[in-house]
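> Go ahead and model the full structure; you've got the sequences and the hints to work with.
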Amino acid sequence: IYVSAWHYTEDIVKYISDKLIERNLEVVVHNLEVVDINKLIKDLVDSSAIIIATPTISENAHLLIIQASYLIKILRPPTKYISLIITYGWASIVEEQLKNIFKDLKVEILNTIKINVRPNDEDLKNLENLAEEINKRLS
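Numbering (this note's numbering), first residue to last: 56 to 194.
Certain hints may be false.
[Said to hold, decoys possible] Taking lysine-lysine and the DSS-like style, the derived pairs with C-alpha atoms no more than 25 Å apart in a straight line are:
1) LYS69 x LYS180
2) LYS97 x LYS128
3) LYS69 x LYS191
4) LYS135 x LYS180
5) LYS69 x LYS169
6) LYS161 x LYS191
7) LYS180 x LYS74
8) LYS154 x LYS180
[Claimed, not checked] Between beta-carbon pairs, the in silico distance windows are:
9) HIS62 x LYS161: 33 to 41 Å
10) ASN93 x ARG173: 27 to 35 Å
11) VAL82 x GLU177: 21 to 29 Å
12) ASN93 x GLU183: 30 to 38 Å
13) ASP176 x ASN155: 28 to 36 Å
14) GLU163 x GLU81: 14 to 22 Å
15) VAL84 x GLU187: 12 to 20 Å
16) GLU114 x LYS135: 24 to 32 Å
17) LEU119 x VAL172: 14 to 22 Å
18) TRP145 x SER194: 36 to 44 Å
19) ASN175 x ALA60: 15 to 23 Å
20) ASP91 x ALA60: 16 to 24 Å
21) ASP73 x GLU177: 13 to 21 Å
22) ASN155 x ARG78: 26 to 34 Å
Treat the hints as calculated values from the structure; they're not laboratory data.
Even for Gly, the Cβ is constructed at its ideal location relative to N, Cα and C.
This is how it looks when you write it as structure tokens:
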């Protein structure tokens with residue numbers, strides 16, 4: 056699930072999706088700017104893991120991500136794992152903000168990846184490691 060302000064988050068989602076697909080995991084990507092809410096709900100209740108990718112807007116998660124996070128909280132899907140990918144330019148409280156929304160769910164929050172605007176080599180390695188971690192946990 057993602058929103059992209061300047062396409063950087065979208066590029067990151069494409070990268071992590073490709074890495075998950077390389078590991079033979081089924082991946083469904085939802086751009087919240089154009090999502091069919093019924094399809095999103097169907098996919099959420101069928102998901103074992105959810106990756107949420109958001110830009111930081113005035114230190115906060117994008118509003119569509121906040122709305123989707125509350126939807127996840129209300130639906131309580133059988134998801135076992137949630138991972139956060141956050142892009143930012145300066146300060147960000149997104150990790151704490153989203154973890155607070157999910158605190159009552161029985162999910163494990165995997166490593167949060169914070170990327171300053173565009174991913175560097177270390178960020179790409181962290182994304183690859185996340186894909187491997189999700190693969191191990193779901194296998």
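> At the C-beta level, are LEU119 and VAL172 separated by a distance inside 14 to 22 Å?
20 Å, holds
> Would you say the C-beta atoms of GLU114 and LYS135 sit inside 24 to 32 Å of each other?
29 Å, holds
> Confirm or reject the claim that ASP91 and ALA60 have a C-beta distance inside 16 to 24 Å.
22 Å, holds
> Could you tell me whether the CB distance from ASN155 to ARG78 stays inside 26 to 34 Å?
30 Å, holds
> For a C-alpha distance cap of 25 Å, please report whether LYS69 and LYS180 respect it.
Given that 25 Å is the threshold and the Cα spacing comes to 14 Å, the pair holds.
> Regarding ASN93 and GLU183, is the given constraint of 30 to 38 Å on their beta-carbon distance met?
For GLU183 against ASN93, whose Cβ atoms are near 33 Å apart, the range 30 to 38 Å holds.
> Need the status of pair LYS180, LYS74: alpha-carbon distance at most 25 Å?
11 Å, holds
> Measure nothing beyond the straight line between the CA atoms of LYS69 and LYS169; if it is 25 Å or shorter, mark the hint as holding.
Holds: LYS69 and LYS169 sit about 16 Å apart, inside 25 Å.
> At the C-beta level, are ASP73 and GLU177 separated by a distance inside 13 to 21 Å?
18 Å, holds
> Tell me if the straight-line CA distance from LYS97 to LYS128 falls inside 25 Å.
15 Å, holds
> Quick check: does the Cβ-Cβ distance between ASN93 and ARG173 fall within 27 to 35 Å?
34 Å, holds
> Between the alpha carbons of LYS135 and LYS180, is the straight-line distance 25 Å or under?
23 Å, holds
Taken one by one, the earlier hints all hold for this structure without exception.
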